[in-house]
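Please take these sequences and the hints and turn them into a complete structure.
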Amino acid sequence: MSAAAPANTHPPEPDEPFDVGSTDDSLERMIGLFRTLGDTYRVYVPARGSYTYVIHHPDDVKRVLVSNHRNYIKGIGLDRVKILLGKGLMTSEGEMWKRQRYMMQPFFHRRVVTRFAQLIGQANDRFIARWEQISRRGEPVNLTDEMSELTLQIVLRSIIGTDLDRLSAEAGGNPFEVVTKDTGRNLQFAFKFRSLTKLIAALIERRRGSGEKHFDFLAMLLAARDKDSGEPMPERDLIDEVLTLIVAGHETTASALNWTWYLISQHPEVESRLHAEIDAAAEVTAPSLADMESLAYTQQVINEALRLYPPGWLLSRRALEADELGGYAVPAGSNVLLPLYLLHRHPDFWTDPEAFRPERFAPDQEGTRPRFAFMPFAAGPRHCIGETMAMYEMLMHLYKLARHYRLRYVPDQPLELEAQINLRTRYPLHMKLERR
Numbered sequence: 123m124s125a126a127a128p129a130n131t132h133p134p135e136p137d138e139p140f141d142v143g144s145t146d147d148s149l150e151r152m153i154g155l156f157r158t159l160g161d162t163y164r165v166y167v168p169a170r171g172s173y174t175y176v177i178h179h180p181d182d183v184k185r186v187l188v189s190n191h192r193n194y195i196k197g198i199g200l201d202r203v204k205i206l207l208g209k210g211l212m213t214s215e216g217e218m219w220k221r222q223r224y225m226m227q228p229f230f231h232r233r234v235v236t237r238f239a240q241l242i243g244q245a246n247d248r249f250i251a252r253w254e255q256i257s258r259r260g261e262p263v264n265l266t267d268e269m270s271e272l273t274l275q276i277v278l279r280s281i282i283g284t285d286l287d288r289l290s291a292e293a294g295g296n297p298f299e300v301v302t303k304d305t306g307r308n309l310q311f312a313f314k315f316r317s318l319t320k321l322i323a324a325l326i327e328r329r330r331g332s333g334e335k336h337f338d339f340l341a342m343l344l345a346a347r348d349k350d351s352g353e354p355m356p357e358r359d360l361i362d363e364v365l366t367l368i369v370a371g372h373e374t375t376a377s378a379l380n381w382t383w384y385l386i387s388q389h390p391e392v393e394s395r396l397h398a399e400i401d402a403a404a405e406v407t408a409p410s411l412a413d414m415e416s417l418a419y420t421q422q423v424i425n426e427a428l429r430l431y432p433p434g435w436l437l438s439r440r441a442l443e444a445d446e447l448g449g450y451a452v453p454a455g456s457n458v459l460l461p462l463y464l465l466h467r468h469p470d471f472w473t474d475p476e477a478f479r480p481e482r483f484a485p486d487q488e489g490t491r492p493r494f495a496f497m498p499f500a501a502g503p504r505h506c507i508g509e510t511m512a513m514y515e516m517l518m519h520l521y522k523l524a525r526h527y528r529l530r531y532v533p534d535q536p537l538e539l540e541a542q543i544n545l546r547t548r549y550p551l552h553m554k555l556e557r558r
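In my numbering, the protein residues as written are 123 to 558.
Fair warning: there could be bad hints in the mix.
Distance condition first, Cα-Cα at most 27 Å in a straight line; then the derived DSSO-like pairs of lysine-lysine [claimed, not checked]:
hint : residue 1 : residue 2
1    : Lys204    : Lys314
2    : Lys209    : Lys220
3    : Lys204    : Lys220
4    : Lys209    : Lys314
5    : Lys554    : Lys204
6    : Lys303    : Lys320
7    : Lys184    : Lys196
8    : Lys349    : Lys204
9    : Lys303    : Lys314
10   : Lys204    : Lys184
11   : Lys209    : Lys196
12   : Lys335    : Lys314
13   : Lys349    : Lys196
14   : Lys204    : Lys335
15   : Lys196    : Lys314
16   : Lys303    : Lys209
17   : Lys335    : Lys320
18   : Lys184    : Lys320
19   : Lys303    : Lys335
20   : Lys209    : Lys184
21   : Lys314    : Lys349
By construction, these hints were calculated from the structure, which means they are not laboratory data.
Structure, rendered in structure tokens:
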């Protein structure tokens, strides 16, 4: 759908200006604009008094995120996310981002991630026991809430370990449950969420004074040192990184599992093959990362779900200097949007792009499409630092739960997309549990 054009011409644009990427109906409108205007177009945004450029071709995506990434910083929506997460790894720029990324990158090395095997396994085992009781009663589960609670438990215990039990006992409940109970990502939620900073600050002070040994991300953050100064991370930065890990490590994985279970429930042939692979694997309590990565078809199922419903469905950047994308001139200061939802369904690079076909990700298919046609964790220097951890969680969840249950979708509410910061279902998905 790409068309060559001289760099001094303007890309096509819709007749009606709108705040592309920020309105509730942005995804719906962008689907239509991609079909009619092609790989590169621009939209005039009255509120900003400027054009926003939207790109879909893998070559242009590569340029923005990799080959010319120094020319691009985070764009539309950054201010709203900063209210929630402060200056954490997701929102910081320049030298601060480089310093934080350098300090945190070792936390997500494979050798470290696989040490969370017991934690992830135990969280899923608790859900197996819980689902056993629900299945005996013949009741459906609210899958959306269940996946949110599971991933929140995993991310909290990976960040603050056994301190979660102490804090919950002192508060009479999980003090972080606002993340799952209040799903509206508005200013009211941001205020409630930022109120957790006092709790985290007190925990940091307690850890620093206790001398206790812990294996969790907070312990790693406290031990991290700036490569140049040798100084530890300032408390404000520590708090922002903890909040960032909670949100980024919970919502995206929950959304991905929600969609994965739905797609499996709609494709019995995929479900059968998934069960066969999992049943053939040895059943262990805390499988390693390597154990989980050996489940080749299970990985393909997850990747295909991430292709169709990438949780981070829209990336936003701003050009520091003028550039050229899709053969068109992009002025300095322009916002550029990369809709992964449409990139992942691009008809030039995916056969029957709306269909759920996990075999697309079989090894012999990897060379059939451009590298940047699929990137659910983004790409380039700012790709998701927790990609390995997220895949480990999802693989182990299916390995454990699909071994025991089939999930049957209960269509009691419309299945609709809600494309906010993450791509979610507008209404919760309910599933009947069938014991295998």
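Right, here's what the structure says about each hint:
| no. | hint | in the structure |
| --- | --- | --- |
| 1 | Lys204 <-> Lys314 | 14 Å, holds |
| 2 | Lys209 <-> Lys220 | 12 Å, holds |
| 3 | Lys204 <-> Lys220 | 17 Å, holds |
| 4 | Lys209 <-> Lys314 | 18 Å, holds |
| 5 | Lys554 <-> Lys204 | 39 Å, violated |
| 6 | Lys303 <-> Lys320 | 20 Å, holds |
| 7 | Lys184 <-> Lys196 | 15 Å, holds |
| 8 | Lys349 <-> Lys204 | 25 Å, holds |
| 9 | Lys303 <-> Lys314 | 11 Å, holds |
| 10 | Lys204 <-> Lys184 | 26 Å, holds |
| 11 | Lys209 <-> Lys196 | 12 Å, holds |
| 12 | Lys335 <-> Lys314 | 30 Å, violated |
| 13 | Lys349 <-> Lys196 | 25 Å, holds |
| 14 | Lys204 <-> Lys335 | 32 Å, violated |
| 15 | Lys196 <-> Lys314 | 25 Å, holds |
| 16 | Lys303 <-> Lys209 | 24 Å, holds |
| 17 | Lys335 <-> Lys320 | 22 Å, holds |
| 18 | Lys184 <-> Lys320 | 40 Å, violated |
| 19 | Lys303 <-> Lys335 | 32 Å, violated |
| 20 | Lys209 <-> Lys184 | 26 Å, holds |
| 21 | Lys314 <-> Lys349 | 34 Å, violated |
Violated hints for the displayed structure, listed by number in ascending order: 5, 12, 14, 18, 19, 21.
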